[in-house]
Amino acid sequence: MKIISCIKPVPDPASRLIINESKTWIKDNDLTFVASEADNYALEEALRLKEKHQGDVAILSMGGDEAARVLRSGLAMGADRAIHLLDPKFKGADEFAAAETLAKAIEKDGGADLVLAGVQSDDLGTGMTGVMLAEFLGYAHATVVIGVEADPAAKTLKVKRELEGGINETVELPFPAVLTIQFGINQPRYASLKGIMAAKKKELKAWSAADLGLSDNLVGKPGAMYEVKEVFVPERKSRVEIITGTAEEAAAKLVEKLRKEAKVI
Amino acid sequence: MAFKGLDFYRIDDLLTDEERIVRDTVRRFVDEQVLPVIDKHFEEGTFPTQLLPRMAEMGLFGANLPEEYGCANMNNIAYGLVMQELERGDSGLRSFVSVQGALVMYPIFAFGSEQQKRHWLPLLARGEKIGCFGLTEPDHGSDPGAMETRARRTDKGWVLNGTKRWITNGTIADVAIIWAKAGEEIRGFIVETDRPGFQAPEIKAKLSLRASVTSDLILDDVEVPEDSLLPETGGLKSPLMCLNQARYGIAWGGIGAAMACYDCALEYTRGRTQFDKPIAQFQLVQDKLAHMLTEITKAQLVAWRLGKLKDEGKLHFAQVSMAKRNNVWVGLETARLARDLMGANGITLEYPVFRHMCNLESVYTYEGTDHIHTLILGEYITGLPAYK
Ligand SMILES: Cc1cc2nc3c(=O)[nH]c(=O)nc-3n(C[C@H](O)[C@H](O)[C@H](O)COP(=O)(O)OP(=O)(O)OC[C@H]3O[C@@H](n4cnc5c(N)ncnc54)[C@H](O)[C@@H]3O)c2cc1C
Ligand SMILES: Cc1cc2nc3c(=O)[nH]c(=O)nc-3n(C[C@H](O)[C@H](O)[C@H](O)COP(=O)(O)OP(=O)(O)OC[C@H]3O[C@@H](n4cnc5c(N)ncnc54)[C@H](O)[C@@H]3O)c2cc1C
Chain A
2 MKIISCIKPV
12 PDPASRLIIN
22 ESKTWIKDND
32 LTFVASEADN
42 YALEEALRLK
52 EKHQGDVAIL
62 SMGGDEAARV
72 LRSGLAMGAD
82 RAIHLLDPKF
92 KGADEFAAAE
102 TLAKAIEKDG
112 GADLVLAGVQ
122 SDDLGTGMTG
132 VMLAEFLGYA
142 HATVVIGVEA
152 DPAAKTLKVK
162 RELEGGINET
172 VELPFPAVLT
182 IQFGINQPRY
192 ASLKGIMAAK
202 KKELKAWSAA
212 DLGLSDNLVG
222 KPGAMYEVKE
232 VFVPERKSRV
242 EIITGTAEEA
252 AAKLVEKLRK
262 EAKVI
Chain B
10 MAFKGLDFYR
20 IDDLLTDEER
30 IVRDTVRRFV
40 DEQVLPVIDK
50 HFEEGTFPTQ
60 LLPRMAEMGL
70 FGANLPEEYG
80 CANMNNIAYG
90 LVMQELERGD
100 SGLRSFVSVQ
110 GALVMYPIFA
120 FGSEQQKRHW
130 LPLLARGEKI
140 GCFGLTEPDH
150 GSDPGAMETR
160 ARRTDKGWVL
170 NGTKRWITNG
180 TIADVAIIWA
190 KAGEEIRGFI
200 VETDRPGFQA
210 PEIKAKLSLR
220 ASVTSDLILD
230 DVEVPEDSLL
240 PETGGLKSPL
250 MCLNQARYGI
260 AWGGIGAAMA
270 CYDCALEYTR
280 GRTQFDKPIA
290 QFQLVQDKLA
300 HMLTEITKAQ
310 LVAWRLGKLK
320 DEGKLHFAQV
330 SMAKRNNVWV
340 GLETARLARD
350 LMGANGITLE
360 YPVFRHMCNL
370 ESVYTYEGTD
380 HIHTLILGEY
390 ITGLPAYK
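Protein chains in written order, with the numbering used here: chain A, 2 to 266; chain B, 10 to 397.
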């Protein structure tokens, strides 16, 4: 089974975030980056599938030097090889541009039986990249996956998905497919020290936009479908009002307010 | 929430990717596996043995020893970072790893025969055997050269007699490195703890390192075969070489405990209001926080440089003494100040600070007391030994 697991480098959730001068993003040059949490679950799932069915697990990340470090961690956990999409032109991508770039890389790598992504990223949390990636690749997909069973001989997958309200469903998909992996599907392993040492010797190749045959208007900011206008800290608006009077008076006032001001009844 | 570390001087920039990954991996292990259970173990006075298989899988035992013996062959910075992170969890866990790696695996590696190395090191690395190190005796602590334990040669091998005290892991160990005088010379022996005449009762009612097992070792005519002797040992220098390995790790461990206490005190003083202000806004409180951050940063630089010297083979034991003495003091100083800043809450097990403070009192004493390291430095500086 050939599996490619996508990893997005995101600011360490423990960092203190400061908005940049132009208010379009956070100041990210001083931050530590880690793998987006859901991507750790995805990689763990990929490694377990490989342990069960044999094959090859590649990890794929788009970003600067921080992506290389995140890929090294993934190799230390047990991935076989890594592809780093490294090009200043990739900067400013939205989910759409990212998905197209990732898709091109997967195609250049010869495609895969299974592509895994996190259900959403820690920083933007839109949950769109995996689905768009499937569309660009023309692969089947399933989202919010909490269980995967693969049958490499039949080239099918049986996948458990989490729906709203505590209900799950099981769906069957053919290879090749893209799955977006839900938090908590497994317990990601700790890299062993030997694994960390061995990671140094594993393949980590870098591909640029030109390597992928992507023209400038399709990647990074020019390739994006939307633009972030402003990043801001939500204003704290907690208004407490104590309604006085006897119980009957207070209840009447409350109903009035709920109806006229809050417009909820 | 995950521990975010403390890096005021951007010391992370000095670390390689591998070193950072090692640090972050052990950090996550401590957050997820150690911190949720450690208070209970400390309170009940038990060692968290259930964590050992995972630690072995991660390769934390003897991590800086060569791969051919089943170890990870990490450099000394990475090894130090492992110790730092473990001690951020609890000194008991770090002590276990120090003893297993630096005091049991290291002497077998440094003084053992090829056969002893091939037999014991992989077993110890995999955590299938637990080891302990018996040097200290009831009447001989800082002056181990005066030890009374004796090894007598017989036609079948050796017979050991004596008592060791304050031995970490003693009761749970499968194997003990026992230091004994054969004639006038101190030699090291690998002794399986199930041999007749060997007892290891646990020392109870400790108020420090409660999540670590400490024991007496009683050797009453314990017979061991000839090949239990570590052939390359000879004189007090041999056990001191082991201690030097362990002290190196402790110099990193002190930083871990200090970071945990500083982190806790900082968060607490920001959130705690007295006289209508967060107490973090009072000058006296800021003075203590500034002092802690300064000392921790200095300790980090000392440890990092020491690791580089060790990797380059340029290390002098007096440099290790300076780092052990300083960094354990930084840990203890930080723990005590953090305790103070947390008022009454600082004395409970609900926060890690008092636990670290209690633990560090042992760390201050073992592996060469603060005084002894002062005297080692004193002798280095003046050329005049002041021990006796
Ligand atoms: C929890 C714990 C675990 C331990 N684990 C181990 C272990 O696994 N293996 C092992 O072999 N040992 C172990 N030890 C023992 C430890 O190494 C000794 O406690 C330490 O060496 C000090 O010896 P002592 O306790 O006999 O104190 P002493 O040597 O009696 O010292 C008491 C005081 O006198 C001071 N002093 C002594 N000599 C001088 C001098 N010349 N000048 C100035 N001051 C001096 C000391 O600094 C100290 O302040 C452990 C100890 C503890 C507390
Ligand atoms: C075992 C125990 C028994 C106790 N028994 C009793 C009892 O019987 N009855 C009772 O009433 N209380 C009792 N106490 C409470 C004790 O008096 C308080 O813990 C003490 O007054 C400190 O208050 P705090 O713990 O809220 O710490 P805080 O007041 O929150 O202080 C925390 C830190 O902030 C510092 N700080 C606070 N304000 C300032 C400032 N303006 N400038 C500089 N630094 C400041 C403090 O010095 C300290 O370092 C007991 C406490 C303990 C631990």
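Warning: the hint list may mix true and false statements.
Calculated lysine-lysine pairs in the DSS-like style (CA-CA distance at most 27 angstroms, straight line) [said to hold, decoys possible]:
1) K317(B) / K49(B)
2) K286(B) / K201(A)
3) K195(A) / K126(B)
4) K138(B) / K213(B)
5) K51(A) / K90(A)
6) K201(A) / K213(B)
7) K238(A) / K213(B)
8) K195(A) / K213(B)
Stretch by stretch, here's where chain A covers chain B in the computed footprint (C-beta under 8 angstroms, at least three residues) [claimed, not checked]:
9) 59 to 71
10) 113 to 127
11) 135 to 147
A short, non-exhaustive set of chain A residues, derived as facing chain B with CB atoms under 10 angstroms [to be verified]:
12) G65
13) D81
14) R82
15) R162
16) G167
17) L194
Hints in this document: simulated from the structure, not taken from any laboratory. These numbers come from a predicted model, not from an experiment. Where is the CB? At the ideal position from N, CA and C, for every residue including glycine.
### Query
Are there hints from earlier that the structure breaks, and if so, what are their numbers?
1, 2, 5, 6, 7, 8, 10, 11, 12, 13, 14, 15 and 16
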